[in-house]
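Novice: In terms of the UniProt record's numbering, the sequence shown has 385 at position 385, counting the first letter as 1, and numbering is strictly consecutive.
One or more of the hints may lead you astray.
Label-pair restraints from in silico Cβ distances [stated by the list, open to error]: (1) Lys270 with Lys343: 23 to 29 Å; (2) Ala196 with Asp318: 56 to 62 Å; (3) Glu331 with Asp306: 42 to 48 Å; (4) Asp318 with Thr445: 25 to 31 Å; (5) Leu330 with Glu507: 17 to 23 Å; (6) Thr333 with Asp95: 48 to 54 Å; (7) Thr445 with Gln492: 22 to 28 Å; (8) Glu57 with Val206: 40 to 46 Å; (9) Gly371 with Val261: 27 to 33 Å; (10) Lys62 with Tyr427: 57 to 63 Å; (11) Lys270 with Arg546: 40 to 46 Å; (12) Ile247 with Gly428: 18 to 24 Å; (13) Arg64 with Gly371: 42 to 48 Å.
Hints in this document: simulated from the structure, not taken from any laboratory. Every residue, glycine too, gets a C-beta built ideally from N, C-alpha and C.
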Amino acid sequence: MAAFSVARRSRGLINGLKVSFRSSGQLKHGAVAAPLLQTSLHRDSRWYSAGHLSVKERIEAKRRAALAGGGQARIDAQHKRGKLTARERIDLLLDTDSFVETDMFVEHRCSDFGMEQDKNKVTHLPEVIFYFFNIIFCLCLFCFSQDFTVFGGSLSGAHAQKICKIMDQAMKVGAPVIGLNDSGGARIQEGVESLAGYADIFLRNVMASGVIPQISLIMGPCAGGAVYSPALTDFTFMVKDTSYLFITGPDVVKSVTNEDVTQEELGGAKTHTSVSGVAHHAFENDVDALLNLREFFTFLPLSNQDPAPIRECHDPSDRLVRSLETIVPLESTKAYDMLEIIKAIVDEKDFFEIMPNYAKNIVVGFARMNGRTVGIVGNQPKVASGCLDINSSVKGARFVRFCDAFNIPIITFVDVPGFLPGTAQEYGGIIRHGAKLLFAFAEATVPKITIITRKAYGGAYDVMSSKHLRGDVNYAWPTAEVAVMGAKGAVQIIFRGKDNQAEAEAEYVEKFANPFPAAVRGFVDDIIEPSTTRKLICSNLEVLARKNHLSVVVQNGHFPLY
1 MAAFSVARRS
11 RGLINGLKVS
21 FRSSGQLKHG
31 AVAAPLLQTS
41 LHRDSRWYSA
51 GHLSVKERIE
61 AKRRAALAGG
71 GQARIDAQHK
81 RGKLTARERI
91 DLLLDTDSFV
101 ETDMFVEHRC
111 SDFGMEQDKN
121 KVTHLPEVIF
131 YFFNIIFCLC
141 LFCFSQDFTV
151 FGGSLSGAHA
161 QKICKIMDQA
171 MKVGAPVIGL
181 NDSGGARIQE
191 GVESLAGYAD
201 IFLRNVMASG
211 VIPQISLIMG
221 PCAGGAVYSP
231 ALTDFTFMVK
241 DTSYLFITGP
251 DVVKSVTNED
261 VTQEELGGAK
271 THTSVSGVAH
281 HAFENDVDAL
291 LNLREFFTFL
301 PLSNQDPAPI
311 RECHDPSDRL
321 VRSLETIVPL
331 ESTKAYDMLE
341 IIKAIVDEKD
351 FFEIMPNYAK
361 NIVVGFARMN
371 GRTVGIVGNQ
381 PKVASGCLDI
391 NSSVKGARFV
401 RFCDAFNIPI
411 ITFVDVPGFL
421 PGTAQEYGGI
431 IRHGAKLLFA
441 FAEATVPKIT
451 IITRKAYGGA
461 YDVMSSKHLR
471 GDVNYAWPTA
481 EVAVMGAKGA
491 VQIIFRGKDN
501 QAEAEAEYVE
511 KFANPFPAAV
521 RGFVDDIIEP
531 STTRKLICSN
541 LEVLARKNHL
551 SVVVQNGHFP
561 LY
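Sequences and hints are given; from them, build the entire structure.
Specialist: Take a look at the structure:
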């Protein structure tokens, strides 16, 4: 019987077993026993073939149902909204034929409100499409895509289980997670099990934080408890006009506060990329978002155990940038665009800016120097003269901490006249929020290179990756001014009530409004020609790639969150 059992498992062995049993029958029992054995085996072979085909047919039927999602009508409705389906998004995001799908046959377990019916369990099988070992530009990642055509993408216990499984596996092997969110929220029919599912996901977001990069792309509604998972990830991107993030929808807001507000005004891409700062970027449509996400992904390491990515570079590392010699105006009160400096220095002018429409007085983003990924932080003189305020401090701090967690060197361009004054800032807690940026730069142990292009005044000078906060290499351009404050304000305090304040101001400028006071004290390592900035940064990054900073081990630094 053991032989028959093996035969059932493998059709290919049946013929061989027939021969084997025929031979053994003839030897042991004579010619009479052989026909009986052949008849029995042949009958069992027919049983196996029928059963095998039946199971195979069931598998194929379930696969077809899974691939169909919520059905053609709902797919058409998704397209009419200008949105791709979950599978179309996956196909566009990932390299062709590079992915493996798992948990295609997982079904929800709810038996209330008619959910136990076959039509709700089989034809609508894939609530969330889960791929693992996916590839973008030959880089491994894990990805899940919520299917809005199936119960509006609402989260069930099984849905959450699939997401948790992918995150556990990603942490185990050290690979990023990308979530394509398009969900109406919790599965109401499942009650508390759905809420438990959210909590399970949140826990994994926290456990994975700083271990593997986590990216959320909001491609539809994301409401209620669902919003906290994207908020816990490292980067949140949105699609204009079709994606929404809010705790409570417009109807609830109207009933509670009597405010009339649209979905777009309450939680649209424009709101979250320019007002709230919840999202890091917004794209025109699904295709634009997915293609940009592919490019963005190439800047990131796979985990905190990997160095910053390096790719082939055709931009000479010793290239002189002559345009930088005249980019800073002679008048210290005149604005210029820090983005022009950044793009002129980095490889091939390729700069992926993060949060470009929020807290515009500071610029953050990713670029490459001689092929190596770097994080860029810079004050923007075109907006509020580059002053630091609450929003820019938080924006900068979060970016610096991400770079430090994932071994990405930080290059800081400084032109800061100080922190923004005013009651609104003081009442809003500028002291507490400004401390976040200071804390982030001070605790960072990745290579840190700082270039002072013009103003570096007061406490803001200290905060912006100064030598005192363990800056590895600090340069100043000839136009740099490192001082407690601007000359005019300083003279009004020092020479209050005295005549000849114009002379005193000229004397102060001569003495302090230049890079020499900082240079003679070793607070900057060199005063460099602007055109050599790229060359020096690239050479310093090569040396600092071997940096091994030993810090005092602490369980958890008390970051000024509150």
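Novice: Determine for every hint whether it applies to the structure shown.
Specialist: Here is how each hint holds up against the structure:
{"no.": "1", "hint": "Lys270 with Lys343: 23 to 29 Å", "result": "25 Å, holds"}
{"no.": "2", "hint": "Ala196 with Asp318: 56 to 62 Å", "result": "58 Å, holds"}
{"no.": "3", "hint": "Glu331 with Asp306: 42 to 48 Å", "result": "46 Å, holds"}
{"no.": "4", "hint": "Asp318 with Thr445: 25 to 31 Å", "result": "28 Å, holds"}
{"no.": "5", "hint": "Leu330 with Glu507: 17 to 23 Å", "result": "19 Å, holds"}
{"no.": "6", "hint": "Thr333 with Asp95: 48 to 54 Å", "result": "51 Å, holds"}
{"no.": "7", "hint": "Thr445 with Gln492: 22 to 28 Å", "result": "41 Å, violated"}
{"no.": "8", "hint": "Glu57 with Val206: 40 to 46 Å", "result": "44 Å, holds"}
{"no.": "9", "hint": "Gly371 with Val261: 27 to 33 Å", "result": "47 Å, violated"}
{"no.": "10", "hint": "Lys62 with Tyr427: 57 to 63 Å", "result": "59 Å, holds"}
{"no.": "11", "hint": "Lys270 with Arg546: 40 to 46 Å", "result": "44 Å, holds"}
{"no.": "12", "hint": "Ile247 with Gly428: 18 to 24 Å", "result": "21 Å, holds"}
{"no.": "13", "hint": "Arg64 with Gly371: 42 to 48 Å", "result": "46 Å, holds"}
Hint compliance for this structure: hints 7 and 9 are broken, all remaining hints hold.
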